[in-house]
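Participant: The chain contents come next:
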Amino acid sequence: MKPSAATPYHQAAEPATAEARAAFEKAAFAALAERFGATLDPLDQWGLTAVVDRSRIREVLQFLRDDPSFRMDTLLDSCGVDYLEYPGHDLPRFAVVYILKSMVAVSHRLRLKVWVEEDDAVVPSVHDLYASANWQERETWDQYGIVFEGHPNLKRLLNHADFEGHPLRKDYPAQRRQWLLANDPMIDQLEARLRVLGYEILESPAPTSPSLEETSFGRKK
Amino acid sequence: MAALEHPAAEQTPSGASSLRPGPEGVEQNIFTTSLDAMVSWGRSNSLWPFPFGTACCAIEFMALAASRYDIARFGAEFVRFSPRHSDMMIVAGTITYKQAPILRRIWEQMIEPRYVISVGACACSGGFYDCYCTVPGIDEIIPVDVYIAGCPPRPEAYLEAIMQLQAKIMDESYVKARAQRAHERIHIG
Amino acid sequence: MKVITPEGDKVELLTVNIGPSHPATHGALRNFVALDGETIVASVPEIGYLHRGFEKMVERGTYQQVLPYTDRLNYCSAILNNIGFCHAAETMFGVEIPERATTLRVLLGELSRVIDHLVCVGAALVDLGALTNYWYFFNPREDIYKIWEKLSGARLTNAFTRVGGLYRDTYPGFEDEVRAVLPVVENAIGEVLKLVEHNRIFLDRTRGVAAISAERAIAYGWTGPCLRATGVDRDLRKDEPYMGYDTYDFQTVVGSTGDTYDRLMVRMFEMLESISICRQALDRLRPGPVNTSDARLSLPGQDKAYHDMEALINHFKLVYEGVRPPAGEYYGATEAGNGELGFLIVSDGTGRPYRVKVRPPCFTQFSAYHEMVEGGLVADSVACLSSLNIVAGELDR
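Protein chains in written order, with the numbering used here: chain S, 9 to 229; chain Z, 2 to 190; chain Y, 107 to 503.
Each hint should be verified, as a subset may be incorrect.
If we take Cβ atoms under 7 Å as the criterion, some of the chain Z residues that face chain Y in the derived model are [what the hints assert, rightly or not]:
(1) 46
(2) 49
(3) 99
(4) 126
(5) 130
Just so you know, these hints were derived from the structure itself, not from any lab.
Note that the structure is a prediction, hence the values are computed from the model and not measured.
Even glycine gets a Cβ: it sits at the ideal position worked out from N, Cα and C.
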């Protein structure tokens, strides 16, 4: 069933070794430190986490993705962390962590970290560099309230549209519940998608939410 | 009840006398019962489930519908995904606040008589997700007839719940409910 | 809604909600689509209908208390999630778990992968209208459940591993029962293959349907069987071997076009590879302890706890405060049923995880869904969704 090999990832790879990983981490960090002034994150004792400035995160990711010696083509995850209650923490409150790996070279794995201040929680969006970042950034916005500048559709992903606050922040009480009256009709998102595909909207449809007429059930606040 | 007209039975040369109208067939073929018992018997043995499956419990519902546990033995195998066709809603899985209005809407779309089985810890009480996003029990949204414990419950527990629901339906009075409705209609009118 | 197409035609589109309560969504997803006849013109998926706060909940318990929550991520293969979390936490401690525990984890993990794929392929075939295969697949699944029940007491949500080993050793006769169940699964796979392999309806409904290229799949962060279906030969068990997977003899199953057919067939043949790994693991299973002797992780034995002061204190601390990994951040990944299941654990040195971020394989796969179904028929979107094996518990956490 194997196809003709077009790119290296179409063939099986040799298993990653500890030496190959160490060599990659050394080379990657040297390049990041030299070009982008990256520093090591002391919290990561098991692998490589490079801390970069948030204004340069797009450059860093583009470099790592396109540089032939790194080829970090997969953004596995990007997520927020709230260090509000972390003991002895004197850096900005939030961090956005990017978890990267390469499908070309299996020993290539690293994480990037961007510190974000609470009163200026804005990070440039990377949805155009990695398609997977689109939903990950929406989730981070939803859970932590970190704004991704340039994101085309920065809406809540996991929580409902009427939700107030950002539940994974350490100061959000776990049991503060919020009722929803009616689901998001999502017509604006559908129209935005149609425009991306080259359609011109002449007339918007009537909202057909799965629960729109439903606003009358007895609820406890 | 009128005498049975059964053309096939008429043509059978022998052994069909029990189906043929006549004094000897009446004793064996006609019985008297109350309308309530008749209606409840029919309802309880042909429950059409609507599986509102959201999480782990739905996988156990799949096991229940498969051949080993075979929900068909209880007359409830005709799984319908339209609330208009079904009369037993099986809420299997965690209900979040995002899902809650939809659950309520679907329950309202079901035609009476309708019954609800709340499956598993999450649907009954929120389970161990005591959290900002989970409804602490679906009975905050819709009335529940039978609760099943477990996380997730075994298929046998589903069967037990269906049997309990059947017993509950057998106790219901169609005639009284009908009289009640008529009474309400007169008062509103 | 009235629109002008890119070609300049004026058409009327119909908007339809597929889900969140729909037989084909296998859980709680919503796909809001604009239809031109039966063709999906635009699609906007919405998730979060089963968001039950995994990440908030685990911050409130100890590391061992995270395990029951991991069960309910991908509930089709709970043990694989247990292994993923334990493996990440154990790496933070730097402990090696005993030989028997590792082998048992491989064995149970591969059996879990089998039952995960059984549900996925069985349900996908139901969505295509082939109900028989579902009966064929659920019978061996029940047989494996029986083993699970004897092992852990639970059919579905096993929580069988612990940070530092396993919950307990197996019961007498376990190996024979596993050996007996493997041919049953193989037989079921063979029967289903006979039914669908040359079935015209199956081929027409799946071949060339909702295909995705390797480049797009990688851009969307795909991993696991769905990525392998696009022809990318990557499997964490081979590439970054953990738990001694490099010592087992097995093949990765790779597709070529990345369509629905490839995704289902990759899963089908992966089950056979997993069964082969199970047999090898059974052969090398030797008696021995199943928990590490490291006092930071394992409870002391009853005789010690009763007669030794330090052991009693250790027991108390482990139960009351939980295991305490060193402060720091670690991302550990294993190959779960749907692909790379990662756990980013932030530890502050106490017995409770400061933050656990799950990297669910479904999440990135489903984020590409709209691209795959646009331009296809509504019926094809159903076939595509079931072949992706989206498990809402893992998707929404």
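Participant: Now, for every hint given, state plainly whether the structure supports it.
Facilitator: Okay, the hints, checked on the actual structure:
Of the supplied interface hints, the one on residue 46 of chain Z is violated, with its beta-carbon coming no nearer than about 23 Å to a beta-carbon of chain Y, more than 7 Å. Annotation: residue 49 of chain Z was flagged as interfacial toward chain Y, and the flag is violated, the nearest CB pair being 14 Å apart, outside 7 Å. Contact between residue 99 of chain Z and chain Y, as hinted, is supported at the beta carbon level, the nearest pair being about 5 Å apart and thus within 7 Å. A hinted interface residue such as residue 126 of chain Z counts as satisfied when its beta carbon comes closer than 7 Å to some beta carbon of chain Y; here the least separation is about 13 Å, so the hint is violated.
This hint holds: residue 130 of chain Z has a C-beta 4 Å from the nearest C-beta of chain Y, less than the 7 Å allowed.
Of the numbered hints listed earlier, those contradicted by the structure are 1, 2, 4.
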